[in-house]
Every structure is written in structure tokens, then in C-alpha cells.
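K.L.:
Start from the sequences, fold in the hints, and give me the full structure.
Protein sequence lines, in the order shown, are assigned to chains A and B.
Heads up: the first sequence begins at 1 in this note's numbering, then just goes up one per residue.
Heads up: the second sequence begins at 1 in this note's numbering, then just goes up one per residue.
It is worth saying that the hints were derived from the structure and are not from the lab.
Hints may be right or wrong, so weigh each one.
For chains that are exact copies, the list does not tell them apart, and a pair is met inside one copy or across any two.
[Stated by the list, open to error] EDC-like cross-link-like pairs, simulated, lysine to aspartate or glutamate; straight-line CA separation at most 16 Å: (1) K193 <-> D162; (2) K193 <-> D93; (3) K193 <-> E23; (4) K193 <-> D110; (5) K55 <-> D110; (6) K55 <-> D45; (7) K193 <-> D28; (8) K193 <-> D45; (9) K193 <-> D46; (10) K193 <-> D163.
Protein chains: 2
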Amino acid sequence: MTSTTTGDTTGNPPRRRDRAAREREILDAAEQSFGERGYQGTSMDDIAARVGVSKPLVYQYYGSKDGLFLACLSRLRAQLLEVVSDAVLAGPDVERSMYAGFVAWFRFLDDHPRAWAVMVDEGMLAAGPAAEAADQVRADFVDLIATMVRLNLPAAHEVDEDDIQVVAQAISGATERLAIWRTRAGGGPPPEKVARTLMRLFWHGLDTTRGGTP
Amino acid sequence: MTSTTTGDTTGNPPRRRDRAAREREILDAAEQSFGERGYQGTSMDDIAARVGVSKPLVYQYYGSKDGLFLACLSRLRAQLLEVVSDAVLAGPDVERSMYAGFVAWFRFLDDHPRAWAVMVDEGMLAAGPAAEAADQVRADFVDLIATMVRLNLPAAHEVDEDDIQVVAQAISGATERLAIWRTRAGGGPPPEKVARTLMRLFWHGLDTTRGGTP
DNA sequence: GCAGTAAGTTACTCGGAGTCAGTTAGACTC
DNA sequence: GAGTCTAACTGACTCCGAGTAACTTACTGC
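P.N.:
Given below as C-alpha cells:
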């Protein structure tokens with residue numbers, strides 16, 4: 001008998017909320033729980049309890065555990081992609097864009113350690129539509145890198161699309177692994193240093209992708 | 001009286017087997033099942049049934065699902081590491097060793113698609129001792145690469161150990177991602193071509209790791 | 001006030017990880 | 001060949017978490 005209607009005399013939030021608001025609440029709780037305890041360690045009951053809601057509601061909005069996880073993943077990846085894209089677009093030339101992209105990537109992950117924990121767990125998705133969707137999200141980064149690689153090539157030059165894909169996948173895989181390594185090692189070298197080393201490693205090789213030495 | 005000793009008159013395998021033999025049987029079955037259906041899709045009952053044994057026996061030998069999965073993972077990684085190491089050691093110089101290592105890596109994964117499926121799933125391991133052990137197994141590759149990078153440096157040169165770690169992690173991550181990409185894409189470019197592209201990408205950059213341009 | 005609907009819940013099923021309390025098969029004596 | 005010791009092995013559970021069916025309740029527009 002604390003309250004009869006929504007009009008709460010106390011400052012408590014209303015028991016019933018707008019769907020969009022609830023979805024956001026659930027997503028936030030899920031992101032936190034997945035980040036802290038991993039995919040396996042998180043139960044749907046946990047998340048529901050965290051929001052103060054019952055489990056079927058979570059299912060009604062997100063369909064399944066995979067669906068909820070994927071929603072977290074997509075949101076985080078979108079944020080990360082935005083930060084990195086902005087950094088890249090702001091660069092005065094391709095070389096500095098690339099460096100800025102690396103720095104932005106590692107900085108974001110330093111600043112959002114839990115976000116990263118979620119992304120690393122993406123392999124958790126059982127094979128199926130959710131796993132494919134996760135791949136799609138990841139492919140955005142590969143596209144961004146591929147674009148940069150192409151920009152760095154002289155205008156009218158024969159381009160081997162396979163090579164570009166290989167290079168883009170390689171760079172994306174390298175940065176992903178470095179991110180994992182840095183967080184596991186509890187820090188590692190600072191973003192700028194890692195970015196410098198990567199530039200030294202990749203930059204000259206990128207030139208040769210124009211197709212010279214066999 | 002079909003038999004008095006282990007010597008069975010029928011061709012049937014003995015119902016009771018030596019522990020080591022059973023362990024191997026279970027490991028084989030697990031590898032196959034994990035490879036076909038993934039970590040989530042495989043149940044301990046499945047594996048036990050495949051061997052023709054009851055579940056508690058599997059638990060007695062491997063402790064947990066994670067433990068069994070880790071055992072598979074370790075064995076496969078060891079095989080892969082051996083193949084790649086051999087290729088690298090056989091090379092006449094560092095450049096050709098590295099190329100040979102790349103080719104061996106991608107070839108092995110082409111020839112053992114199921115093995116790779118298991119390795120990709122390694123993120124499945126719940127956080128804990130098993131996950132750490134999995135990291136250890138992976139670190140072997142990083143060490144191998146780091147050794148090659150060091151060999152490529154001029155004898156008496158100041159070496160930044162951080163840089164070497166970054167480079168080794170980057171190369172390892174790149175090849176891992178490429179392996180995933182190639183199997184997903186159902187082939188992709190052949191091992192030799194990918195290896196050539198990687199050499200073009202990395203080889204020049206490796207020179208500059210000696211510490212020149214800031 | 002009352003119908004209609006969106007938000008929310010209780011109380012389940014079902015499957016798979018992990019365990020307990022045993023039961024044999026075979027080896028080794030005497 | 002009967003006894004006995006041990007390691008391989010099992011039936012029958014518990015427990016937890018994903019997912020669901022059927023129902024109730026607060027708010028909205030009229």
C-alpha cells in the first residue's frame with residue numbers, strides 16, 4: 001500500500017514505464033552484467049532483477065539471451081566505430097588519419113574496459129543468425145580500414161581487391177588482439193606508443209601493396 | 001564363457017579399457033563434437049554417448065566441460081605449433097622462414113577445418129583457470145614470432161621489448177583473423193597468396209622496428 | 001465510467017552441467 | 001577355483017538457467 005496509482009508520493013520511479021525507456025534500462029543493465037561477469041556468468045534472471053522487472057519482459061523485448069547480448073554488442077561497436085571514424089576523418093592526410101585511428105581505438109578501450117569485455121566475448125554467440133549479425137558489425141571496421149588502404153594507393157593503379165581485403169583483415173585482427181593483450185596485461189604501453197609501433201610496422205608495407213615486389 | 005581374460009574371442013572391443021586409452025577415445029570424440037557443433041552445441045552426454053560410456057566417467061577424467069574443451073584446444077594448438085615451427089626452422093633465412101611459417105599456418109587450417117572451429121571457440125571458456133590456460137597456449141605463437149622478429153634485428157642494437165611484444169601480438173592477431181576470415185568466406189585466396197601479401201605488408205615494417213623514425 | 005491495449009507477472013517446462021552411492025570386470029593371491 | 005582388492009564404470013539423481021503459457025493490472029482515449 002505504498003502507492004495506488006503511478007502518482008507516487010515518494011520520489012520512486014514509476015513501476016510502469018514507456019517501452020523505449022525500459023528497453024534502454026534493460027540494455028544498460030545487460031551491458032554492465034555481461035561486462036562484469038561475461039556471457040556465461042550472466043543469467044537472464046540477474047539482468048531482470050537488476051532492472052527490477054521479471055524475466056519474461058526481457059524476453060518480450062529482446063527475444064533471447066543471444067539477442068540481448070547482440071544488442072549490447074551492436075551498441076558498443078557503433079560507439080567505438082564512431083569514435084574511430086571521427087578521428088580518421090579529422091586527419092589531414094592518410095598517414096596521420098591512420099595514426100589517429102589507432103590512438104582513438106586504444107583510448108576508447110582504455111576508457112571503457114567493460115565495453116571491451118563484452119566485445120571480446122562475442123565468440124560466445126552460438127552459431128546462428130546472431131553470430132552472423134555480430135560478424136556484420138565487425139565488418140564495418142574492416143571496411144573503414146579497406147577504404148583507407150585504397151585512399152593511400154595512387155589514383156590509376158591496378159588494385160587487387162583480394163590483397164586489400166587481406167590487408168584490412170590483418171590490420172583489424174592485429175588491433176583487436178592488441179586490445180585484448182593490453183587489457184589482460186593490465187595496461188601495457190600507452191595508446192600513443194602502440195600506435196607509433198603499428199605505424200612503423202604497417203606504413204611501409206602498405207606502400208608495397210600497390211603491387212611491386214613479387 | 002566368452003572370455004576368461006581380456007582376450008575376447010569375439011572381435012568386440014573390450015568393455016573395460018585402460019585409462020590412458022579411454023582418455024584418448026574421449027578426447028577424440030570431444031574434438032569431433034566440438035568441431036562440428038561448437039562449444040555450446042555440444043553436451044557432455046553427447047560425448048559420453050559417442051564413446052559408449054557414461055557421463056560420470058568423462059567427468060572423472062576431465063573434471064568439467066571446460067577442462068575437456070581445454071584439453072582438445074591444447075592438443076590442437078600443439079599440433080599447429082609444431083607444423084609452423086618446423087616450417088620456420090627449415091627456412092634458410094628469416095625472410096623465407098617467415099613466409100614458410102605463414103604458408104604452413106594457413107595450409108594446416110585448410111586441411112583441418114574442424115580443428116580450427118575448436119580454436120575459434122576458445123573464447124567460450126568461462127573466465128577462470130581454464131581461460132588462463134588457453135591464453136598460455138596461445139602465447140606460444142607470440143613467442144615464436146617474437147623470436148623471429150628479434151633474429152631479424154641487427155646484432156648489437158638497442159631493442160625495445162615493448163615494441164617486440166606489440167609487433168608479435170599484432171602479427172599473431174592478424175594471422176588468426178585471416179584464418180577465421182578465410183574459413184568463413186569458404187576459401188578465400190590460397191595460402192601462398194595470403195602469405196605473399198602479408199610478407200609485403202610486414203617485411204618492410206619489420207626493418208623499421210630497429211628503432212629509427214620517431 | 002468503461003473498453004482496449006500495452007506493461008507486467010506467476011508459475012511453470014525442459015535440457016544440460018555436475019554429483020553420489022554404488023556395481024562390476026578383471027588382476028592377483030593362496 | 002574361491003576369495004579379495006582395486007580401478008573402471010554406471011543409474012539415478014540435484015540444481016540451475018533458458019525459455020514459455022496463461023494470466024493480471026495500470027494507463028489511454030473516448
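K.L.:
Determine for every hint whether it applies to the structure shown.
P.N.:
Structure-based check of all given hints:
no. : hint          : in the structure
1   : K193 <-> D162 : between (30 Å within a copy, 9 Å between copies)
2   : K193 <-> D93  : neither (20 Å within a copy, 30 Å between copies)
3   : K193 <-> E23  : neither (39 Å within a copy, 47 Å between copies)
4   : K193 <-> D110 : within (14 Å within a copy, 36 Å between copies)
5   : K55 <-> D110  : neither (33 Å within a copy, 43 Å between copies)
6   : K55 <-> D45   : within (6 Å within a copy, 28 Å between copies)
7   : K193 <-> D28  : neither (33 Å within a copy, 44 Å between copies)
8   : K193 <-> D45  : neither (43 Å within a copy, 49 Å between copies)
9   : K193 <-> D46  : neither (40 Å within a copy, 49 Å between copies)
10  : K193 <-> D163 : between (27 Å within a copy, 9 Å between copies)
Hint violations for this structure: numbers 2, 3, 5, 7, 8 and 9, all remaining hints satisfied.
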